[in-house]
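Protein chains in written order, with our numbering: chain A, 19 to 551; chain B, 5 to 318.
The set of hints was computed from the structure by calculation and includes no laboratory data. Where a beta carbon is used, it is the ideal one built from N, C-alpha and C, also for glycine. Among the clues, some could well be false.
In silico DSS-like pairs for lysine-lysine, Cα to Cα no more than 27 Å straight-line [claimed, not checked]:
no., chain 1, residue 1, chain 2, residue 2
1, A, K167, B, K165
2, B, K165, A, K551
3, A, K271, B, K165
Calculated from the model, a selection of chain A residues having no Cβ within reach of chain B, i.e. all distances over 12 Å [what the hints assert, rightly or not]:
no., residue
4, A164
5, G246
6, T424
7, E434
Have a look at the derived ranges for each label pair, beta carbon to beta carbon [to be verified]:
no., chain 1, residue 1, chain 2, residue 2, range
8, A, A367, B, A26, 54 to 60 Å
9, A, D480, B, I149, 53 to 59 Å
10, B, A26, A, D290, 46 to 52 Å
11, A, K247, B, D96, 31 to 37 Å
12, A, T181, B, P150, 42 to 48 Å
13, A, N251, B, I145, 45 to 51 Å
14, A, D290, B, L118, 32 to 38 Å
15, A, D480, B, E56, 52 to 58 Å
16, A, A169, B, P150, 35 to 41 Å
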Amino acid sequence: MSSGIRSQHSKVFFGFILILCAAIFLSGCSQNNGASRSSGSSSEENTSATSVSKDITIIHSLPNDTLDPHNTWITLRAGVTETLLRLDENMKISPWLASDWETKDDRTWVFSIREGIQFQDGTPLDAQAVKASFERGIADSKALAAALKIASMEANGQQLQITTIEPYPAFPTELVHPTTSIISVAAENQMGKEAFNNAPVGTGPFKVTSFTPGSEIHLVRNDDYWDGKAKLNEVTFKFNADANVRTLAFQSKQADIVFHLSPEMLTSIEADNELSVSSVTSLRTHYFTYNPASSSVSDHRVREALDKLIDRDSIVQDIMLGHASPANGPFNASLPFGNREGYQKLDEAGALRLLESAGYTKGSDGKFQKDGKPLTLKLIAFTGVNPELPLIPQVVQSEAAKAGITIEIVSVEYPEVYIADHTDWDMSTSSYLTSPRGDGGSFLNSAYVPGGSYNPANIQVDGLEPILKELNETGDTEKRNEITQQAVTVINKALPHSYIINPNILVGINQRVTDWKPGAEEFYIVTHTLDVK
Amino acid sequence: MVRQSFSRIIQLILVLLMLSLATFLLMKLAPGDPVLTILKANEGAVSQSDQEQVREQLGLNLPLVQQYGLWLQGVIQLDLGKSFVNNRAVWDLMMDRLPATVSLTSGAIVVLLLISVPLAILGAKYKGKWPDHLSRLFALIGASIPSFWLGLLLIYAFAFKLNWLPTMGSGNVRHLILPSITLGFVMAPEYIRLLRSGLLDALSQEYVRAARARGIAEWRVIARHALRAALLPVITIFGMSLGALLAGSVVTETLFAWPGLGSMVMEAITQRNYPVIQGYVLLTGVFIVTANVLVDLSYSLLDPRIRSGRGRNV
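Start from the sequences and build out the full structure, keeping to the hints where you can.
Right, here's the structure in full:
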């Protein structure tokens, strides 16, 4: 091969690399200039031209691949869509797109849809539109179909009558859930499904301008919003699953509201007086599940002893750095249906007495034993999403060791799957949102009824069945709260679980944000009242 | 030539088949239940009968062989199935994410070249002297840093402390800088080492000495003669890393909320979204195999002896 051709090839090759590097370098430089200009102008906007453009950046932890309102919470959170009913500050159900509602019998509900509301595409909101929206949701989401249990709907002007498949007094609680968002099916038909799921049309104060799956949504104000024009012009709603990056974005002032900060990073945030952190009571409960088939913990006295050995105060202070509350039942004590009694404090003496009454004696090594067998328990630890979860078993393990009980910790990714398949365990960490819709019914029905989705250990509590039956037949909220509390009393007596803590949600808020505070339900994030200084 | 291409295609299909079968079996062996995700069980009660119904609808109750057969049948008809979580076609989901991954890959390659070529040349030219030590120290540090840590460090320095660049997200070239450096930096050490030893080898060859003797400037000798000879082994590795990069760098994309294939599959794995994982693995396979074919082709471009069938022994 001639050297002329060879050198020509090499020239082409190196030339290509050089051009590539130069192009990227130059574009990087020009973008840098452009960007510094734009960041300069945005800070000017903040100080001098606030009335012209007001914008905000929010970061949440859960990435989204779609904006399909019936398959994700994000469109409601971002203020694009709304539901028929909503939760108020006290977690009580209140009207929203429906002005009021009544029940005709235990399966039939009539909702009055608020007059004078338009979707963002200009079509009016009437009962027919709501019906079409539910029909679309049921067809598109198996979860929604299973949750709503709708048999038929009749639309008449602003009146929508819904009949459920079975008696369903808790039906209104389902209608506050973000995936029951009301959307304009007319807009979807016009835009096509794919385009609609990238920029859905609802009744909310903000409209989607662009969406990058897994990364961010850009929103602009809907000037025709029915409940008063929003204070902000633009909102950028981002997602990032990494708590460190979210915190750094908050500290660098690149985001104004950031969800789910980790407690250990709070000290550095508190040092900046432009930033604040709101610690909100959550609807989640961390707890231990006891194996009903275990020879040791099937004894009520052993469970009670272990419950007394959980140092809830230490877990709240040392692991959660104060951002949690000790749990005294499945539901947060501050909720209307929460348990009013105090929580179990660390009581080693009480635990020792109980173990002795259960026939356990301390051996020469200081360890409890019965019939020559030491009291050794296997604890299945959840390595899951919350960083504090794997630490809780360690605190309990050390308290138990001091009392003379050996706890072996086995970490698994999905405890539900493990404990459904195995019998060789005694305790397991669990963590659930126990009242996501301002009602405890769904948790009680799935955690204490055999076959329920939160009941992989098949726990059954004596005397609970008639109470749950009554709860499932009651629609009145006050009455439901009362029955829920009764159920919790029965459960706490049987002690199938040890409730540990309700972790708080930590939300970083820049001081320039006004008229906004995070709620326990984490539903209503972008609102029409949200504003910046 | 035709026969060669034909056998290559058969090879490609076999590799992809094996890959998809292995992924399918591993996914089924791993714990976790997609039905609970589909029914969004973490948000509320789900009855056993609802679960059974969904399992039946999706064919998850069928024997494994049949499930795989059905998936394969779909693939032959160019249908990769739908995401369990949001009903979107897997192909569309991946095509939404591909451009972001391609731009991140290009960024990472530029960073890789900018770091490794000069450092390798310095190392080879000043063998045993301080530039060489510096380049080797750099390679050692680069090889020991985990990408998530480097990413966080860069965010801390350039986004938080200096506030020059965005912490996360996508949109313009500024967003691309930190993730590209993270990816490129972590990959660079391997290339520095390979390129440096290749250069050293080439510089000791007869033709280089002859070129020097002819009075050709040193940089010309390195750039035109030695570097080209040193590139061959580098290109082989490059083919593999290109495939891996295009498949999405899971950690970096997740850290920077970069909307590429890596962050997509990360999410799919946590949700046990089988069709998306399967589709991703298939696409990854295609990328890697294609990258390798391109590498083979580039050999002949760089080394005419291969093209003329005179063997590849350099």
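Checked hints:
1. Distance check on the hinted pair: A:K167 and B:K165 sit about 53 Å apart at the alpha-carbon level, beyond 27 Å; violated.
2. Between B:K165 and A:K551, the direct Cα distance comes to roughly 24 Å. Compliance with the 27 Å bound is thereby established for this hinted pair.
3. Taking the CA atoms of A:K271 and B:K165, the gap is near 11 Å; set against the 27 Å cutoff, the hint holds.
4. A cut-off of 12 Å between C-beta atoms contradicts the statement that A:A164 is not in contact with chain B; the least separation is 4 Å.
5. No beta-carbon of chain B comes within 12 Å of the beta-carbon of A:G246; the shortest separation is about 30 Å.
6. Residue-level check passed: A:T424 sits 26 Å from the nearest beta carbon of chain B, beyond 12 Å.
7. Listed as a non-interface residue, A:E434 fails to keep its Cβ farther than 12 Å from every Cβ of chain B; the least gap is roughly 8 Å.
8. A hinted range of 54 to 60 Å for the beta carbons of A:A367 and B:A26 is consistent with their spacing of about 57 Å.
9. Remark: the range hint 53 to 59 Å for A:D480 to B:I149 is upheld by a beta-carbon distance near 58 Å.
10. B:A26 and A:D290 have their C-beta atoms about 50 Å apart, which keeps the hinted 46 to 52 Å range intact.
11. Look at A:K247 against B:D96: about 36 Å separates their beta carbons, and that is inside 31 to 37 Å.
12. At about 57 Å, the beta-carbon gap between A:T181 and B:P150 misses the expected band of 42 to 48 Å.
13. Between A:N251 and B:I145 the beta carbons are some 46 Å apart, a value that agrees with the proposed interval 45 to 51 Å.
14. Evaluation of the 32 to 38 Å hint for A:D290 and B:L118 yields a pass: the beta carbon distance comes to about 35 Å.
15. The hinted window of 52 to 58 Å between A:D480 and B:E56 is violated, with their beta carbons roughly 28 Å apart.
16. Taking the beta carbon of each, A:A169 and B:P150 are about 55 Å apart, not inside 35 to 41 Å as hinted.
Going down the numbered hints, you'll see the structure goes against 1, 4, 7, 12, 15, 16, while the others check out.
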